[in-house]
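2 protein chains.
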Amino acid sequence: MTEFCGPGPIDVSASPLAVLKAQSVVLRDGFWRSRQQSNAEVGLPHGYRMLEQSGNFHNLALAAGRIQGSYKGPLFMDSDLYKWLEAVAFELQREPRASILAMADQAIDLIVAAQASDGYLNTYYQVVEPHNRWKRLGFGHELYCAGHLMQAAVAYFRATGDQRLLDVACKFADHITTVFGPGRLETCCGHPEIETAMIELFRVTRRKAYLEMAGYFIDVRGRRTLVSEHWIFGSDYYQGQVPVREARGVVGHAVRQLYLCAGVTDLFLETGEAALLESQQRLWTDMTAGKMYLTGGVGSRHGTEAFGDEYELPTDTAYCETCAAIASIFWNFRMLLATADSRFADVMETTLYNAFLAGVSLRHDRYFYVNPILSRGGIQRPEWHGCACCPPNVMRLMAALHHYLCTTSGAGIQWHHYAAAKAQTPFATLQMDTTYPWRGDIAITIEHTQSNPWELSLRIPAWCGRATLVINGQAVGLNIRSGYAIITRAWKPGDTVVLTLAMIPQLLTGNPNVESIHHCAAITRGPLVYCVEQADCDGQTRLLDVQIDSSKPLEVQDRPDLLGGVTTIRAAGVVPDRTDWQNRLYQPLKQANILRAVNVVAIPYFAWANRGPGAMRIWIPLA
Amino acid sequence: MTEFCGPGPIDVSASPLAVLKAQSVVLRDGFWRSRQQSNAEVGLPHGYRMLEQSGNFHNLALAAGRIQGSYKGPLFMDSDLYKWLEAVAFELQREPRASILAMADQAIDLIVAAQASDGYLNTYYQVVEPHNRWKRLGFGHELYCAGHLMQAAVAYFRATGDQRLLDVACKFADHITTVFGPGRLETCCGHPEIETAMIELFRVTRRKAYLEMAGYFIDVRGRRTLVSEHWIFGSDYYQGQVPVREARGVVGHAVRQLYLCAGVTDLFLETGEAALLESQQRLWTDMTAGKMYLTGGVGSRHGTEAFGDEYELPTDTAYCETCAAIASIFWNFRMLLATADSRFADVMETTLYNAFLAGVSLRHDRYFYVNPILSRGGIQRPEWHGCACCPPNVMRLMAALHHYLCTTSGAGIQWHHYAAAKAQTPFATLQMDTTYPWRGDIAITIEHTQSNPWELSLRIPAWCGRATLVINGQAVGLNIRSGYAIITRAWKPGDTVVLTLAMIPQLLTGNPNVESIHHCAAITRGPLVYCVEQADCDGQTRLLDVQIDSSKPLEVQDRPDLLGGVTTIRAAGVVPDRTDWQNRLYQPLKQANILRAVNVVAIPYFAWANRGPGAMRIWIPLA
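Line order of the protein sequences matches chains X and C. Using my numbering, you'd call the opening residue of the first sequence number 1 and step up by one each time. Using my numbering, you'd call the opening residue of the second sequence number 1 and step up by one each time.
Honestly, the hints are just simulated from the structure, not real lab data. Incorrect hints may have been included.
Because identical chains cannot be distinguished in the list, a pair is counted as satisfied if it fits within a single copy or across any two copies.
Claimed, not checked - Derived EDC-like pairs: lysine to aspartate or glutamate, alpha-carbon spacing no greater than 20 Å straight-line:
id	residue 1	residue 2
1	Lys208	Asp219
2	Lys590	Glu312
3	Lys590	Glu555
4	Lys208	Asp538
5	Lys135	Asp174
6	Lys208	Asp167
7	Lys72	Asp549
8	Lys72	Glu229
9	Lys492	Glu555
10	Lys21	Asp558
11	Lys422	Glu312
12	Lys492	Glu310
13	Lys590	Glu212
14	Lys135	Asp538
15	Lys21	Asp219
16	Lys208	Asp433
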């Protein structure tokens, strides 16, 4: 039996911030805990059924030689199961349940049985194309699947101390180090994932070979070692156009790009190599200044599931794959660890509440792959997908959300994401009470604490124009550093801090270079992007005809009865006469007559498409 | 030696209109003749050089066994050469030149030599994959290349009476009829083209087997006999999702869809089967009411080169492949023949002057494949393309343009497209004088005429709000039928008709469902769509910042000095302050300050990108 470090706080040497043990932070009743509960009670069992129906267990049983038959599904099927298992791991850690443990045991048993004696494990190549092992690196997804196995194994070990899956992962990782590298196979995987995964495996095992292997995969990328499959997939599709340290912007397949970014940032976190972080900062600026939707979603192009050019952000054909939002959250969290700069937590938060959360239905039984920013109707979340990368990806992030709330440094505690929660840290035990994202009032109670002074850093979100701070009932000024309000004092048990973030509904407008949203406005409040849906229009109003009157005030209204309880925003709108557009695309410019005034009711974007397949839009034309 | 019908007027049995022999219509000095001259003097020799450099002749020599070596270029290379040869044929008919004839002879000699003894001819499959002959129908382009061979052969025979290429085409067509059909290979080509081509071959040879073969290819389509190559190419990519007669709209790869439409309409023209025409009318309405750019361009999606959903008409990422514009012109001409309805001539005209003509530089030595509707800069026409379908397609349509000007019916002559020209018809010989598209004055002189009364039908374009007619100096009222002003009289030599189409510059707006052009206006005048280019801005103005003031008048100005002589349109514009958008994608809505007023100078869209790679846009934001 191998000896492993951990479970314990992740020690990333070049980071100013340390991640807390997941067990140290618990969500309490509130917005995210209720989603974690649904994820556990509905999502994970639904995932198990769907994996079973789709053949994921069947493929493992084939590879294990336990049954006869044909492989089912696309060649990256294993990764869906691994992501689901990673979600199960986080959930077992959060709230152990025998039913979920039993499902996990069954999966792990099959995985152990399916692994080849040399450590190799990929049911597609074992069952269907054994002669093509490691021969289709550009599009074959072998290392990608291996990476997801490793992430599941690390999570499962950290959550349960059960070492079976970690043994499988290490045996496979050891095999990979004998196959790839200088003088061996000198290439990498067309779909990044192995990079961040092997660094995670290194963090648990402290085996340097895994860190070096990840470093090699990052170094060798962009040196023309991968081959494209078809003319529409240029080398930038898999970030093969240029070495990682020389990249100028995010390009190609969005999930590939952002998983790569997560891996590269992980490598910086372990090595401290400045060129790595500099490249990631360039890419981040490129993404956020020209290639990111208001929701935090990324990916402008169908077909290649890719980033577009700067300002190429169409609404109706937005791709915004749910997995790309998740990948962006992973990357931004690592950038936050690397820099302690709130900009990264801001993008995380936007993406979490909007692009990510829209990927799953309120009941957690249906999942979007593509997330449009405008729907003319007819779009609903399916139960599962032929290419089912997104649903289990939602599950694993949802189950792990409490990991991301706060960190510690030598100086104290940084709170990045507000939620009703309790955190045990080396400095203190804190309780946070809040109804965020519906209200911006955040109350913190210090329960136990070190007697030495330490810093409490509270993120002031970029969306917030006015924040106030009250300590033990006394208003204090804000001392801001890198986007955080810093409070340094000798804390005592029972101390209270109340941070109030003014949550004013706003009308936003888009950069004039973004064609699709010209002369439109979007409603936001706090971290939430709002949308309008056909379901909230009166019977005679076609949603897509409605224009917003920006001169009238926006009104906030709590609607506990609606969509599981949301805060809506009301605006004034008008409906112009559109009868003269029947079957016409273009005609001479004239002023349309206003038919009538209407109420515009906006709901949080994440809650859309839970009331049938009606039209939806985020950007509303200005009257 | 086989005996063929023709050359002579094309007899299409179910058409109310007959196409004139190409020799019967000659363009005189004016807009299109100067383009035909450049096409002949610059385009065709340039094409020859590029085909030579790219390996098109080399591939034929390989197949003919005259040289040793490897095949060059993509698998549909032969079709580029055939299209160029078709262009040469039209040009030889228009204005025979020894230099061009010599180039054609060299090509024909190679083609004859390359043909296999059983009639098969495709250099890629002969040289590279002989074992895959007729095995990759979905993506293999064999029948597609065969179709282009047939079209070239028909044109060459009609133009010159030289039968060598027609013999090759018929031998190949005969072979094809032994390979495909019930009980043989029961499928069709993933890239339509063979359908319209075999019907053309039937029209020249009157061999029913060719018409029946085309009919079979159309009947078998959409019955799941083709296999997709990759998940992003669904069966609608190649119009395989539904049988042709049941299709509800234009879908998938735009060139494939529209070549198919041309073939289906050809089949209607020969058979008169109502279900065929009805399906084409549905598709036409679907295209023009929701999937066509203002330029007549089609294809909204990169990657799959495809039609988008209804109203999916992005500007910066418009695909608008030049070949798709050409395909649309082919189809619309056939629909015009089938219906005598001016709507089809209207779309032809829009497409001809805008989407098509922008595909070639003013000098005819550079060609666009993709035609954006908005460029942020950096886009220029290349000399040639790795996938070089567009340049020789431009050449063949340009050389044949005079074919499309007018038709005859039992009742008289229909003039569809105005140009300085002379036409000899069974009814009369007409001379047309006009500086169209710069002015809307069209003068017709009857030179010889039948003594019996006959109808002269003159199209009143959809863009024209006011048309006047003067016969022999006397104003007469307009008698409109299906979009044509009909003049029936006993004509006499020397009779004159002056049609004046008021050519007022207009500001157009787009259907509010088209997101990318919301709150924008486009300038048009007559058949021309205008655009604005960075080259016409003063030094301190960034084109993409300019907004148009729609309350001010548009001014027409002739500029013989500019871009080979164009009429420009001046508008009033403003430049708002955009400094606060540096590196920001979204921010709270506020009114931007107007920095200054500017003159907006618009040029015809077809002339863009002839002065360097500056920014361009058709749709200008309204101030």
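Checklist entry - Which numbered conditions among the earlier hints are violated in the structure presented, ordered from lowest to highest? => result Structure breaks hints 2, 4, 7, 9, 10, 11, 12, 13, 14, 15 and 16.
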